[in-house]
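Novice: The primary structure of each chain is shown beneath.
Protein chains: 6
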Amino acid sequence: MATVKLLTDEEARQSPEAWEVFEDIRATRKSDFVNNFWRALANDPPQLRRVWGQLKQVMAAEGELPPLVREMIYVAVSTANGCSYCVHSHTAAARAKGMTPGQHAELLAVIGLASQTNALATAMQVPVDAAFLAE
Amino acid sequence: MATVKLLTDEEARQSPEAWEVFEDIRATRKSDFVNNFWRALANDPPQLRRVWGQLKQVMAAEGELPPLVREMIYVAVSTANGCSYCVHSHTAAARAKGMTPGQHAELLAVIGLASQTNALATAMQVPVDAAFLAE
Amino acid sequence: MATVKLLTDEEARQSPEAWEVFEDIRATRKSDFVNNFWRALANDPPQLRRVWGQLKQVMAAEGELPPLVREMIYVAVSTANGCSYCVHSHTAAARAKGMTPGQHAELLAVIGLASQTNALATAMQVPVDAAFLAE
Amino acid sequence: MATVKLLTDEEARQSPEAWEVFEDIRATRKSDFVNNFWRALANDPPQLRRVWGQLKQVMAAEGELPPLVREMIYVAVSTANGCSYCVHSHTAAARAKGMTPGQHAELLAVIGLASQTNALATAMQVPVDAAFLAE
Amino acid sequence: MATVKLLTDEEARQSPEAWEVFEDIRATRKSDFVNNFWRALANDPPQLRRVWGQLKQVMAAEGELPPLVREMIYVAVSTANGCSYCVHSHTAAARAKGMTPGQHAELLAVIGLASQTNALATAMQVPVDAAFLAE
Amino acid sequence: MATVKLLTDEEARQSPEAWEVFEDIRATRKSDFVNNFWRALANDPPQLRRVWGQLKQVMAAEGELPPLVREMIYVAVSTANGCSYCVHSHTAAARAKGMTPGQHAELLAVIGLASQTNALATAMQVPVDAAFLAE
Numbered sequence: 001m002a003t004v005k006l007l008t009d010e011e012a013r014q015s016p017e018a019w020e021v022f023e024d025i026r027a028t029r030k031s032d033f034v035n036n037f038w039r040a041l042a043n044d045p046p047q048l049r050r051v052w053g054q055l056k057q058v059m060a061a062e063g064e065l066p067p068l069v070r071e072m073i074y075v076a077v078s079t080a081n082g083c084s085y086c087v088h089s090h091t092a093a094a095r096a097k098g099m100t101p102g103q104h105a106e107l108l109a110v111i112g113l114a115s116q117t118n119a120l121a122t123a124m125q126v127p128v129d130a131a132f133l134a135e
Numbered sequence: 001m002a003t004v005k006l007l008t009d010e011e012a013r014q015s016p017e018a019w020e021v022f023e024d025i026r027a028t029r030k031s032d033f034v035n036n037f038w039r040a041l042a043n044d045p046p047q048l049r050r051v052w053g054q055l056k057q058v059m060a061a062e063g064e065l066p067p068l069v070r071e072m073i074y075v076a077v078s079t080a081n082g083c084s085y086c087v088h089s090h091t092a093a094a095r096a097k098g099m100t101p102g103q104h105a106e107l108l109a110v111i112g113l114a115s116q117t118n119a120l121a122t123a124m125q126v127p128v129d130a131a132f133l134a135e
Numbered sequence: 001m002a003t004v005k006l007l008t009d010e011e012a013r014q015s016p017e018a019w020e021v022f023e024d025i026r027a028t029r030k031s032d033f034v035n036n037f038w039r040a041l042a043n044d045p046p047q048l049r050r051v052w053g054q055l056k057q058v059m060a061a062e063g064e065l066p067p068l069v070r071e072m073i074y075v076a077v078s079t080a081n082g083c084s085y086c087v088h089s090h091t092a093a094a095r096a097k098g099m100t101p102g103q104h105a106e107l108l109a110v111i112g113l114a115s116q117t118n119a120l121a122t123a124m125q126v127p128v129d130a131a132f133l134a135e
Numbered sequence: 001m002a003t004v005k006l007l008t009d010e011e012a013r014q015s016p017e018a019w020e021v022f023e024d025i026r027a028t029r030k031s032d033f034v035n036n037f038w039r040a041l042a043n044d045p046p047q048l049r050r051v052w053g054q055l056k057q058v059m060a061a062e063g064e065l066p067p068l069v070r071e072m073i074y075v076a077v078s079t080a081n082g083c084s085y086c087v088h089s090h091t092a093a094a095r096a097k098g099m100t101p102g103q104h105a106e107l108l109a110v111i112g113l114a115s116q117t118n119a120l121a122t123a124m125q126v127p128v129d130a131a132f133l134a135e
Numbered sequence: 001m002a003t004v005k006l007l008t009d010e011e012a013r014q015s016p017e018a019w020e021v022f023e024d025i026r027a028t029r030k031s032d033f034v035n036n037f038w039r040a041l042a043n044d045p046p047q048l049r050r051v052w053g054q055l056k057q058v059m060a061a062e063g064e065l066p067p068l069v070r071e072m073i074y075v076a077v078s079t080a081n082g083c084s085y086c087v088h089s090h091t092a093a094a095r096a097k098g099m100t101p102g103q104h105a106e107l108l109a110v111i112g113l114a115s116q117t118n119a120l121a122t123a124m125q126v127p128v129d130a131a132f133l134a135e
Numbered sequence: 001m002a003t004v005k006l007l008t009d010e011e012a013r014q015s016p017e018a019w020e021v022f023e024d025i026r027a028t029r030k031s032d033f034v035n036n037f038w039r040a041l042a043n044d045p046p047q048l049r050r051v052w053g054q055l056k057q058v059m060a061a062e063g064e065l066p067p068l069v070r071e072m073i074y075v076a077v078s079t080a081n082g083c084s085y086c087v088h089s090h091t092a093a094a095r096a097k098g099m100t101p102g103q104h105a106e107l108l109a110v111i112g113l114a115s116q117t118n119a120l121a122t123a124m125q126v127p128v129d130a131a132f133l134a135e
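Protein chains in written order, with this note's numbering: chain G, 1 to 135; chain S, 1 to 135; chain D, 1 to 135; chain R, 1 to 135; chain V, 1 to 135; chain E, 1 to 135.
Since the hints were made in silico from the structure, they are not lab data.
Note that the structure is a prediction, hence the values are computed from the model and not measured.
Among the hints, a few may not be true.
Any copy, or any two copies together, can satisfy a pair, since identical chains are not distinguished.
[Said to hold, decoys possible] In silico lysine to any residue, SDA-like type, Cα no more than 25 Å apart, as pairs:
no., residue 1, residue 2
1, K97, E17
2, K97, R13
3, K30, P45
4, K97, E10
5, K97, S15
6, K5, A130
7, K97, Q14
8, K30, A105
9, K97, P16
10, K30, G102
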C-alpha cells in the first residue's frame, strides 16, 4: 500500500502531461506495461515528466557505458540505499538487458565486499592517502 | 587521524601474518605502495588476511565482469554508503584501470539518478509490481 | 511480525508506567487509537515514557515551526533513513495536520532532489566552500 | 580535494553549455558566487544543466511550500544521508532565506527525534497499522 | 520473493561445494535448519563458502567478546543499515544465545540514542575534539 | 567548522539551564572536559538537557549490559550511520572504559561482516524465514 494513489490508465489520462509520459514510457520500452513507480509519480505530472526525462537520458542515451553496466550500477546504489522496490525493479531490468547469473553473482560479491570495507574504513576513520588526492 | 594506529612497514613486520599480506599486496599490484586502509587493518592480522583475500578474489579473479566495471560498482556502493575514504581510493583505482572522464560522468549520473528514484520510491512506499516478482 | 510483542491494552495496563503513557497518548491526541509503535515500545516502560515525552515536546510544543512543517521534516528524515513504518505513520500524521496533495508533491520533489545532489556531492567529494564556513 | 576538477570560470567558459548555466546561476541568485558543487558538476555540462534545471524548478518555483521550508527539508535529508557538503551549503542557504536560530534549533530537534524513532521502529520491526494504510 | 532462487536441499546438492557448506552449517549449529539467507547465497557456491567461512570465524571463534555481545552488535549494525531480514534473524540468534528481555531493551535504547546523537552531530557538523584524536 | 557556534564556558554560563548541564557533565564524568558535541547543543538549552538526560540514563544507569558493551554498540551504530564525530568520540569512550585492542578488533570484525551480509540480504531481497517470526 503506497502513501499516494497508484493511478490507473484512466486516472492518468485526466492529465495530458501525465498521459503523454505514459505513452512515451510505452513507446520507449515497446511494452504496454507501466510499472507502479510511474503510476505513483503520476500524481504530480511535472515531477513524473522530470524524472522520466532524466531516466531516459541517463539510462538509455548513447554513451560509453553499456546499458547493462548502468543497470548493474543502479542495482548497487539501490541496495546500499535499502530500496526494496528499486532492487527488485532494476534487477529485473538488468536481467531483461541480458545480465547472466554469473554477472549477477559477481555484482552481489562486489556489493557485499564494498559494504564491508566501507564499514571498516569508517570504523577505523582511515585518513585518505595523499596519493589518492593528487589530481 | 584514525581510531587505530596506521602501521609502518617496520611495525607490520612484527607479525609474520601481516607482513605476508603486505608482501602479497605489493606483488599483486606490482607497486611498493601500501595504502592506509591496509596499514590500519594490520592491527588485526587475521582480519587483514581475510579482507585482503576477499578483495583479491572478488576484484581480481577471472570472471564475467571486467575489472573496471567492478571498480565502478565499488565506487557506487561507497558513495551510497558515504565512505569518503573508499570513494577516493576506488575512484583512483578505477582511473588506474582505465576509466575515462566520459565513463566517470556516466557513473556519476547513474548514481545521482538512482539515489533520487530510491528516495522517491521509499517516500511513496511503492509496492513491488507482481511482474518483478515472477522468478 | 515485530521482534518484540505488541502489547494489548490489557497487557500494557500491567505496568502503571506504561499505562500512564497510553492514557496520555489518548488524551493528547483526543483519540482512542494507540498505534503499534507505542505498543512495541511498551515492553520497556521507561523507554516508552522517554520517547513519548520527547515526541510531545518536540512535535507538539509551542514553537517557531508550524506542526505541519515539523511533520514534513519527519517524513523527509524517515525516508532518507529508509524506515517504512515511519514514512507511513508520519505521512498519515502530516495529512491529519492538513498537508495538501500539492504540499506532499513538493515535499517529495525536495526529498528526491536532495538525495540526488547528496549522492553527487559525495561521489565527487566536493570540498566545502569557505563561504559556507564563515560563521 | 575532490575526485573531479573544480572548474574555474576560465575553464567552464570552454563549454558554452556549462558557461550558460554558470551565468544563469549568477543571474538567478543575483550574486557572482558560484559554489564548488557546480564547479565540480561542470565537468559534465549536460549533467550540470540537468541538475541546475531541477534545482531551479524544485527549490525556487512558485509553490505551496515557502522556500525556507524547502531548504529546511533539504537540510534534513542531507543530514540523514550524511552529506557534509550539503549540510553546510543548505544550512547556509536556509540562513540566507531567513532561518532564525529558533527555527534551526527546532529543525535539529525534529531531525534528532526522527532518527531515534526510525531506528527503534526498524529494530523492533513494527508492522504498519492498518489505519495508516487506508487511503 | 527474492531476486534469486532459494535453493532447496535437492538443488544445493547439485554443487558439491554448496552442499559441503550446508552440511557444515548443520553440523556447526547442531540443527537441521538452513535459513533462507544461505539458500539464496547457494546460487554462487564460492561466495556461499566465503561468507559462511567468515561468519564462523567472526561470530563463533574463541575471542574476547562473548558470542551474545557479538550478536547484539550485529543487530545494532543491521538496524542502522535498515536490513529487515538481518534484524529478524540476528535478534532471533541473540535470543537463542540467551539475550534477556532486559538486555534487549537496553540494546534498543542504545541504538535509538546513538541514532539521535549521530544525526545531531552530523546536522551540526561538530568538529572532532583534539582530545579524541590523540592516539 | 560547525553549522552552529561551539559555546565557550563563558557563553554557556549565560543560560542557567545550559550551565547546569555543563556542571552535571563535569560532575558525572569527574573531569573538567566538556566536548564539542555538548558545546554545539548548548545553543538550545532544553535540547541540551534532553539529550544529556537520555545519555546519562541510557549509558550510565544500572542495567544488564556492562557500560563497555553499551559503548561498543554505540560505536557500531555510529559507524553504520557514517558519523565521523561519533565514531571518534565513542571509540575514545570505549577505550576509557577498558576496551582492549583485542575487543576493538572483534568489534570491527563484526561491524564489517554484518555490513556485508546486510547488503547481500538486501540485494537478494531474502524473505524472512517463518522460524524467525514465531514469537
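Novice: What label fits K30 with G102 when the C-alpha limit is 25 Å: within, between, both, or neither?
Specialist: Result: close neither inside a copy nor across copies, 27 Å intra and 28 Å inter.
Novice: My question is about K97 and R13: at a cut-off of 25 Å on alpha-carbon distance, are they close within one copy, between copies, both, or neither?
Specialist: Neither, since 30 Å and 30 Å both go past 25 Å.
Novice: My question is about K5 and A130: at a cut-off of 25 Å on alpha-carbon distance, are they close within one copy, between copies, both, or neither?
Specialist: Between. Shortest inter-copy distance 16 Å satisfies the 25 Å Cα cut-off; intra-copy 51 Å does not.
Novice: Is it within a copy, between copies, both, or neither that the alpha carbon of K30 lies no farther than 25 Å from that of P45?
Specialist: within (22 Å within a copy, 30 Å between copies)
Novice: Checking K97 and E10: alpha-carbon separation at most 25 Å within a copy, between copies, both or neither?
Specialist: neither (30 Å within a copy, 30 Å between copies)
Novice: 25 Å Cα cut-off: does K97 pair with P16 within a copy, between copies, both or neither?
Specialist: Neither: 31 Å inside a copy, 31 Å across copies.
Novice: How would you classify K97 and E17 at a CA-CA limit of 25 Å: within, between, both, or neither?
Specialist: Neither. Shortest intra-copy (29 Å) and inter-copy (30 Å) distances fail the 25 Å Cα cut-off.
Novice: At 25 Å max between alpha carbons, let me know whether K30 reaches A105 within a copy, between copies, both or neither.
Specialist: neither (29 Å within a copy, 28 Å between copies)
Novice: Quick one: K97 to S15, C-alpha cut-off 25 Å, is that within a copy, between copies, both, or neither?
Specialist: Close neither inside one copy (31 Å) nor across copies (27 Å); limit 25 Å.
Novice: State whether the alpha carbon distance between K97 and Q14 is at most 25 Å within one copy, between copies, both, or neither.
Specialist: neither (33 Å within a copy, 28 Å between copies)
Checked against the numbered hints above, the structure violates hints 1, 2, 4, 5, 7, 8, 9 and 10; every other hint is satisfied.
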